[in-house]
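Peer 1: Based on the provided sequences and hints, a complete structural model is requested.
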Amino acid sequence: AQSVTQLDSQVPVFEEAPVELRCNYSSSVSVYLFWYVQYPNQGLQLLLKYLSGSTLVKGINGFEAEFNKSQTSFHLRKPSVHISDTAEYFCAVSSYNTDKLIFGTGTRLQVFP
Amino acid sequence: EPEVTQTPSHQVTQMGQEVILRCVPISNHLYFYWYRQILGQKVEFLVSFYNNEISEKSEIFDDQFSVERPDGSNFTLKIRSTKLEDSAMYFCASTGTGDYEQYFGPGTRLTVT
Numbered sequence: 001a002q003s004v005t006q007l008d009s010q011v012p013v014f015e016e017a018p019v020e021l022r023c024n025y026s027s028s029v030s031v032y033l034f035w036y037v038q039y040p041n042q043g044l045q046l047l048l049k050y051l052s053g054s055t056l057v058k059g060i061n062g063f064e065a066e067f068n069k070s071q072t073s074f075h076l077r078k079p080s081v082h083i084s085d086t087a088e089y090f091c092a093v094s095s096y097n098t099d100k101l102i103f104g105t106g107t108r109l110q111v112f113p
Numbered sequence: 001e002p003e004v005t006q007t008p009s010h011q012v013t014q015m016g017q018e019v020i021l022r023c024v025p026i027s028n029h030l031y032f033y034w035y036r037q038i039l040g041q042k043v044e045f046l047v048s049f050y051n052n053e054i055s056e057k058s059e060i061f062d063d064q065f066s067v068e069r070p071d072g073s074n075f076t077l078k079i080r081s082t083k084l085e086d087s088a089m090y091f092c093a094s095t096g097t098g099d100y101e102q103y104f105g106p107g108t109r110l111t112v113t
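Those sequence lines, one after another, are chains A and B. Position 9 of the first sequence, counted from 1, bears residue number 9 in my numbering, the numbering being contiguous throughout. Position 99 of the second sequence, counted from 1, bears residue number 99 in my numbering, the numbering being contiguous throughout.
There could be a bad hint or two in this list.
Claimed, not checked - Once the Cα atoms are required to be at most 27 angstroms apart in a straight line, the calculated DSS-like pairs of lysine-lysine come out as: (1) K69(A) <-> K49(A); (2) K49(A) <-> K57(B); (3) K42(B) <-> K78(B); (4) K58(A) <-> K42(B); (5) K42(B) <-> K69(A).
No lab work stands behind these hints: they were computed from the structure. Just so we're clear, the structure is a prediction, and the values are computed from it rather than from any experiment.
Peer 2: Structure (structure tokens):
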């Protein structure tokens with residue numbers, strides 16, 4: 001069975017500061033990894049995904065994530081956040097033998113001016 | 001840009017009533033999903049659907065739930081006899097062949113009173 005852990009339920013940060021949102025996963029098979037963002041009262045939007053190849057993945061809105069197989073992590077980073085990045089961020093995993101997404105509990109990023 | 005749409009945006013129903021949540025996936029997609037998110041909790045997989053059959057379902061998806069693709073465009077989730085604990089945001093998603101990204105709709109907020 002697969003699982004995803006997002007240890008930080010909330011991350012407060014000032015505008016223009018860097019941020020890292022942590023994600024660890026557990027799986028007995030090779031995984032595909034995703035970060036989704038949910039703005040208030042909206043659906044889920046894909047930020048980026050790791051399927052294979054380069055472990056550093058760049059996504060939309062200046063976000064990037066690095067797949068670390070030895071640490072079973074897929075942390076999301078942005079070097080300089082904006083007020084508009086305030087949202088809930090979900091890490092998710094699937095694999096070659098199932099296309100269902102298993103989500104973490106989410107991290108609420110709150111950007112202050 | 002094509003998008004997944006869902007209707008209604010908000011549905012209020014009484015316990016024991018049947019509800020049908022509707023989704024229009026992206027037109028050339030072949031794989032369809034339902035997820036739910038209870039307020040303040042993580043997004044949970046309910047069911048996946050391909051070639052007019054359920055591919056996979058979770059423990060949540062019991063006999064009270066059913067899915068259908070009644071025509072070439074709609075994908076529906078029916079709850080036969082709603083319970084208070086069915087109150088949640090329900091998300092529909094779709095994906096194309098060979099594409100690992102699931103495109104999510106804006107969700108239907110179901111409130112069971």
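Peer 1: With reference to the structure, classify each hint as holding or not holding.
Peer 2: Do the hints match the structure? See the list:
no.: 1; hint: K69(A) <-> K49(A); result: holds, 15 angstroms
no.: 2; hint: K49(A) <-> K57(B); result: holds, 23 angstroms
no.: 3; hint: K42(B) <-> K78(B); result: holds, 21 angstroms
no.: 4; hint: K58(A) <-> K42(B); result: holds, 24 angstroms
no.: 5; hint: K42(B) <-> K69(A); result: holds, 24 angstroms
In the structure shown, no violation is registered for any of the earlier numbered hints.
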